[in-house]
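So the sequences go chain by chain: A and B. Position one of the first sequence corresponds to residue 117 (this note's numbering), numbered consecutively onward. Position one of the second sequence corresponds to residue 117 (this note's numbering), numbered consecutively onward.
Hints are supplied without guarantee of correctness; some may be wrong.
Calculated cross-link-like contacts (lysine to aspartate or glutamate; reagent style EDC-like; alpha-carbon spacing at most 20 Å) [said to hold, decoys possible]:
1) A/K202 with B/E192
2) A/K191 with B/D132
3) A/K202 with B/D195
4) B/K203 with A/E198
5) B/K189 with A/D205
6) B/K126 with A/D205
7) B/K204 with A/D205
Now the stretches of chain B that chain A is said to cover, found in silico as 3 or more residues with beta-carbon under 8 Å [what the hints assert, rightly or not]:
8) 150 to 162
9) 168 to 174
10) 179 to 186
11) 197 to 204
Just so you know, the hints here were simulated from the structure itself, not pulled from any lab data. All values derive from a computational prediction rather than experimental measurement. The C-beta atom is built at its ideal place from N, Cα and C for all residues, glycine as well.
This is what each chain is made of:
2 protein chains.
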Amino acid sequence: MGAYTLSEQKTRTTVDIYGQQYSIVGTESISHIRLVASIVDEKMREINGKNSNLDISKLAVLTAVNVVHDYIKLKEAYDILEREMKKKD
Amino acid sequence: MGAYTLSEQKTRTTVDIYGQQYSIVGTESISHIRLVASIVDEKMREINGKNSNLDISKLAVLTAVNVVHDYIKLKEAYDILEREMKKKD
Chain A
117 MGAYTLSEQK TRTTVDIYGQ QYSIVGTESI SHIRLVASIV DEKMREINGK
167 NSNLDISKLA VLTAVNVVHD YIKLKEAYDI LEREMKKKD
Chain B
117 MGAYTLSEQK TRTTVDIYGQ QYSIVGTESI SHIRLVASIV DEKMREINGK
167 NSNLDISKLA VLTAVNVVHD YIKLKEAYDI LEREMKKKD
C-alpha cells in the first residue's frame with residue numbers, strides 16, 4: 117500500500133482502520149496519528165452498528181460526512197467564541 | 117440505497133458524493149447537508165489528486181482521517197480560546 121499524506125513531512129506510521137492498514141505520512145506525532153486513526157475506526161464501527169448493510173466505501177463516505185458535520189458545528193462555536201472574545205477586548 | 121442517519125430526525129436529502137448518491141436523514145437544513153456533502157466530495161477529489169491509485173473506500177477513509185485531524189486541531193484552538201475567555205471573566 118502507498119503512503120497517504122496527512123501533511124508534508126516525515127513521520128510515517130502504519131495504522132489499522134476498520135481492518136485495513138494505512139501508512140500515514142505527516143509532521144504530527146505518532147500518538148496524534150494513532151489517535152486520529154482510532155477515532156475514524158470507532159466512528160466507522162458506530163455507523164456500521166446503525167446501518168449494517170453498508171459496504172465499506174459507503175460506510176467510509178458516511179463517516180467522512182459525519183466528521184465534516186461535526187467540524188462545521190465546532191467551527192460555528194469557535195467563531196461565536198472568537199466574536200465574544202473580541203467584544204471583551 | 118438505504119437512508120443514512122446524520123442525526124435523529126426528519127429532513128431527507130439526496131446528495132452526490134464522488135459520483136455516488138447518498139440519502140442523508142437529519143435534523144439539519146438541506147443547505148447544511150449539501151454543504152457537508154460538497155466538502156466531502158471536494159476533499160476526496162483533492163486526496164485523489166495526490167494518490168490517484170486509491171480505491172474509493174481507501175480514499176474515503178483517508179478523507180475521514182484528514183477531517184478528524186482538522187477537527188482535533190480546531191478543538192485544541194477552541195479549548196485555548198475558551199480558557200482565555202474564562203481568564204477575562
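inquiry  = Tell me the numbers of any earlier hints that the structure contravenes, in ascending order.
reply    = Structure breaks hints 2, 5 and 6.
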